[in-house]
Amino acid sequence: MSSIDGVGNSNPIQDAQNQSDKANSESPSRSFGAVLSRAADGVLAGVARVAPMIPGGQLVGMAAQGLRELKGTAPDGLTSGVAGGDEQMSEMFEMQKQSQAFNLQYLQLQTELQDDNRRFSTLTNLMKVRHDTAKSAINNMHA
Amino acid sequence: MEQSLDTTDQTPAQQQLKRAFVLTSYGFFQEALQSCERAANLSDDELVPRTIQGAILTASGRPSDAMKVLIRLQREHKNSILCSLYLAEACFLAGRHRRGWKTLNSLEEEAVAQSPWAEFYQNLRTAWEELEEIEGLPGPLRVPMGEDDDER
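For the protein sequence lines, the chains are A and B, in the order given.
Take the first sequence: its letter number 89 is residue 89 in the numbering used here, and every next letter is one higher.
Take the second sequence: its letter number 115 is residue 1115 in the numbering used here, and every next letter is one higher.
Hint data in this document are derived by calculation from the structure and do not stem from the laboratory.
Since the structure is predicted, the reported quantities are computational estimates derived from the model, not experimental observations.
There is no bait here: all hints are sound.
Derived contacts from chain B toward chain A, CB cut-off under 8 angstroms, selection only: (1) Q1014; (2) L1017; (3) K1018; (4) T1051; (5) A1055; (6) P1116; (7) W1117; (8) E1119; (9) F1120; (10) N1123; (11) L1124; (12) T1126; (13) A1127; (14) E1130.
Ideal Cβ placement from N, Cα and C applies to all residues, glycine included.
Make the full structure from the sequences, and use the hints.
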């Protein structure tokens, strides 16, 4: 236990937990992807620190460190935790929402137009028949 | 229209009513109403001239006046289908829907079906059944109807 304490003068698992908690609490408006990314980053850091203390853990530590580096150097679009990628995802979801809303509005408009068209034809028929009726009544009028 | 201008074999009352019909088509409602008045005076039976007068009053945006004329006429000619149909229409346009439906429902369907006015009856029913569902006329057809209406 003392050797573990000696590595970084702190408990790395606790660190990872703290980072994860911090990520959850500091910005509630952040997306789930960003929070998850930060938590994963913390866990990987913890594993990298603890691994050398475990027999045969050197390899695990290198792997964890490698994963962290890989995550850090990945293109923006592939990592949700990176600010740019997160923004793009948010924008995409926002655009999808807007698109759905516009589609719904368009459908409503189409339905209203169809109803209006139907009413206009009904009234046109009525006016025509009304006109013909008056004409017929006059023509068939008896002296 | 050719038929309307052909004045042979027509009574003077008929000529006046045809004149009223043409004047109404061009929006000269006052002159059309005067022609109806003349036709009613020239004819022995004022049923058709007064019915057409009621129809012209409705067309000119005065359904309340049309109702007065047609109700009086209906009392004298209880079996006149045409008078009842124009009265029902005036009632609907004056916002008196219950009265309009009462007038339409009081007609015997068989008698209406055998009369020349069956199509008018059917169209009137269909149109007002549809319009009642949407609480009135489509926007572009809404016009001020009351005499005291400032927008008129």
